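So the protein lines, in turn, are chains A and B. So the first sequence is residues 69 to 544, counted in the numbering used here. So the second sequence is residues 69 to 544, counted in the numbering used here.
What the hints contain is simulated information worked out from the structure, not anything from laboratory work. A few of these clues could be false.
[Stated by the list, open to error] Label-pair restraints from in silico Cβ distances:
(1) ASP104(B) to GLY195(A): 13 to 21 Å
(2) SER238(B) to TYR417(A): 37 to 45 Å
(3) ARG224(B) to ARG225(A): 37 to 45 Å
(4) GLU533(B) to SER233(A): 38 to 46 Å
(5) ASP104(B) to GLU360(A): 43 to 51 Å
(6) GLU304(B) to GLU360(A): 52 to 60 Å
(7) LYS462(B) to HIS250(A): 49 to 57 Å
(8) ASP388(A) to ALA151(B): 39 to 47 Å
(9) ASN408(A) to ALA98(B): 20 to 28 Å
(10) PRO94(B) to ASP388(A): 38 to 46 Å
(11) PRO297(A) to GLN244(B): 35 to 43 Å
(12) ASP104(B) to LYS442(A): 30 to 38 Å
(13) GLU231(A) to LEU415(B): 42 to 50 Å
(14) GLU102(B) to PRO94(A): 55 to 63 Å
Bear in mind that the values here come from a model prediction, so they are computed numbers and not experimental data. Beta carbons are placed, not taken as given, at the ideal position from N, Cα and C, and that holds for glycine.
2 protein chains.
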Amino acid sequence: MAPLIEIGTLPGEPSGPRMHTDLPGPKSKAAAAELDALFDARAVQVVADYESSCGNYLVDVDGNIMLDLYAQIASIPVGYNNAGLKAAASSPAMISSLINRPATGNFPQHDWAAILQSGMMRVAPKGMTQVFTAVSGADANELAFKAAFMWKCQKRRGDYHAEFSTLESSSVMENQSPGSPHLSILSFKKGFHGRSLGALSATRSKSIHKLDVPAFDWPQAPFPSLRYPLEQYEKENRQHEQDCIRATERLLVEWHTPIAAIIIEPIQSEGGDNHASPNFFRELRAITRKHEVLMIVDEVQTGVGATGKFWAHEHWDLQDPPDMVTFSKKAQAAGYFFGNPHLRPNLPYRQFNTWMGDPARALLFKAIIDELEKGDLVRNTAATGDYLFGRLEKMAKLYPNHMANLRGRGQGTFIAWDSPQRDLLIKLARKEGVCLGGSGQQAIRLRPMLIFRRQHADIFITVLEKVLRSINLVQV
Amino acid sequence: MAPLIEIGTLPGEPSGPRMHTDLPGPKSKAAAAELDALFDARAVQVVADYESSCGNYLVDVDGNIMLDLYAQIASIPVGYNNAGLKAAASSPAMISSLINRPATGNFPQHDWAAILQSGMMRVAPKGMTQVFTAVSGADANELAFKAAFMWKCQKRRGDYHAEFSTLESSSVMENQSPGSPHLSILSFKKGFHGRSLGALSATRSKSIHKLDVPAFDWPQAPFPSLRYPLEQYEKENRQHEQDCIRATERLLVEWHTPIAAIIIEPIQSEGGDNHASPNFFRELRAITRKHEVLMIVDEVQTGVGATGKFWAHEHWDLQDPPDMVTFSKKAQAAGYFFGNPHLRPNLPYRQFNTWMGDPARALLFKAIIDELEKGDLVRNTAATGDYLFGRLEKMAKLYPNHMANLRGRGQGTFIAWDSPQRDLLIKLARKEGVCLGGSGQQAIRLRPMLIFRRQHADIFITVLEKVLRSINLVQV
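Please build the complete structure, drawing on both the sequences and the hints.
Right, dumping it as structure tokens:
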């Protein structure tokens, strides 16, 4: 392999953060207040000036320039105002896709197969030959759930082409079984899979995400809670993961309704950046196979390169691929990949909706893939991540009270640590021009773009050290 | 009011349909087969050539030119390759929105308030001062459901700002009440509200849409089944609607779980184009108000002008507006409008997700609104609809066996009738170059765009007459 070319500042990028105001600045505050009259703006952090933003740098309406390691909740892949994406976005094909949005299941555009083939199918995970396109991560997950439920019921009927019974066809109109069956999706404690009612029933991140919304009575299994550093707790962690596998298997067998599928994130990305070993996931695959339960891997946040491989589950070295892999966020498109032709329901129009995704976004994903290849950006992310992890490791030794459980080694820039003063740390870092995000109760999660390089890591580390030093001083 | 200017053929439009092949033609068949290897293409009707399509005319890859009265399942508002939309789609603002897609709740773009204010809020229904943006009709409906559930629970707590109990916060993580409450959404028989798990629990259109998917145990009320012609059955219909209102009220009072909201379409647009009188909807509003249940009007298919008013529920002359109105399809954007500030949950991040809609699509909706105003197209649709209805009425007298229950008088071009040989009729019309769609068991639903004019209606009527004559001949 050719060595990675370490370039300096990316074309047009500022040389570093530059802060003019506290955050949010006066113009951000005024714009958010204006917005709040018609659109809930209570969660607004800053109001952005995207036209002025560039590469890894987010610019706000007060002219503050921030190095962005949060990237729109992990969803900007190749930087603000990327030139390749700009060219794709102004192409005649994009304009036509935007203004002539098709009912893709009925009247697909002439080049839909070509867009998929030369785009998202080019990066389809091993074993996945088909895709169903969607409009968001939650939509992708719910469509995968539906495919699993239909598969399960078809299996029960014993024949893929079996007809529905009269009772099924009548009871379903009353939302009663057998037409509306009592089936479950198993998810994992602290997992996040979206916020629509079906997805939310699998989401177990925080109570605030779920309160007051009716949910399906589905089971949750324990996700490993590893102890760090991993080298030190190898034996305990292995035992603990075994316990989680056994608990999961018990649920697969004993839960009061049949489980059609499990859904799991390779790294629990909202629930606190919780990792598990490749072996844990291989054993999960084995028990789902053993009990004829599908395995859906939710790569909405981990997918598209951030872990140093295109899909995070490639780190597991699975011999037997998952049944479905869902994606969204950095793909700027959404959907689920699958390989088993029986995951296509037995009749058309069962898995269907008006738009079935968005060709404009599929075109953009294709342009993103082109950019990733051109810049060898997944490999860049692996290399930058290794460098960054090394520097963070040193920092964690200096400031152990503020950097516990550093994790994500070998996982590209998908790095996190715990800090009891997490929210203060994020606030101080933003003041210094570095935009960070949290996950779970006390994790800092790094979610830079795939154009994040050594020099950006250095800037980040300098700011982080300054912030940690100042927190430490206050405490002394 | 100025008289409507009846223009001839729209700029660039063909003078009429031109068919070169049977449908699907050989190129459509080949393209669909190629697509089917990676994307379920079993519902493909033709593969389209959108670049060659223009105005009311859809062109397929075989060069067939069809007058399109189905419009991508009622979702193309102002014609294929509309010049105004093309300009909007190639603007720098659109390109930036496409390639710098924000997490809108956290980092909205500088002009987000302006885009909403000068766009979708300009057409917000009476009484609606706020909007929550979404990515599809199903997403919009589920978000509205969540707003209703949170509102209901907050009311129960007696104080909008009441804190959650420890039991609520713990039980919700197990998907159990009280944190995950037993609450319902009431919908109507034959209603359609989308296909994600929550929306699908309210959908009651056809068993094929619902089979094998778990559903919430929610109630369905009878939707009026009016007899036609309305003049003849006025008394019976009035009585029947009263019965439906009483049945609905009984469910509101007696259903085994509290009902947070009802959801209803102004015209049941997938379930067979079922209409009810303005009085029916006014009474529904009254009983929902009486029992403190929210009223969600699903305008996903009826909204944006097709009924001759911007929102179909404007036909009802409600003094007390609905609580929420959802939209998608012809808006090319999605979301729900609301007026009551308490429909904003008491805390930020409860009603939230990564993208919260799509600024690119919001910009497009703004351009659509501009086009509608510029061409006075909602009024055009009302006038063209009246003309079309008159011609169809005459036709129905000539072919009563194939055109029963003609409906949609005074509802713009949102017109339908029943035909026992519906599918054959659609097939024959397509052969003659008119693209029609069905709804429910035997309805033909007309869903032309808002640029559909008298001369297009004339072409359609000529084809329809030819088709009806040929079906009649076969039967003789």
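So, going through the hints one by one against the coordinates:
| no. | hint | in the structure |
| --- | --- | --- |
| 1 | ASP104(B) to GLY195(A): 13 to 21 Å | 19 Å, holds |
| 2 | SER238(B) to TYR417(A): 37 to 45 Å | 41 Å, holds |
| 3 | ARG224(B) to ARG225(A): 37 to 45 Å | 42 Å, holds |
| 4 | GLU533(B) to SER233(A): 38 to 46 Å | 43 Å, holds |
| 5 | ASP104(B) to GLU360(A): 43 to 51 Å | 27 Å, violated |
| 6 | GLU304(B) to GLU360(A): 52 to 60 Å | 54 Å, holds |
| 7 | LYS462(B) to HIS250(A): 49 to 57 Å | 53 Å, holds |
| 8 | ASP388(A) to ALA151(B): 39 to 47 Å | 53 Å, violated |
| 9 | ASN408(A) to ALA98(B): 20 to 28 Å | 26 Å, holds |
| 10 | PRO94(B) to ASP388(A): 38 to 46 Å | 41 Å, holds |
| 11 | PRO297(A) to GLN244(B): 35 to 43 Å | 37 Å, holds |
| 12 | ASP104(B) to LYS442(A): 30 to 38 Å | 31 Å, holds |
| 13 | GLU231(A) to LEU415(B): 42 to 50 Å | 49 Å, holds |
| 14 | GLU102(B) to PRO94(A): 55 to 63 Å | 56 Å, holds |
Comparing the model with each numbered hint stated earlier shows that hints 5, 8 do not hold.
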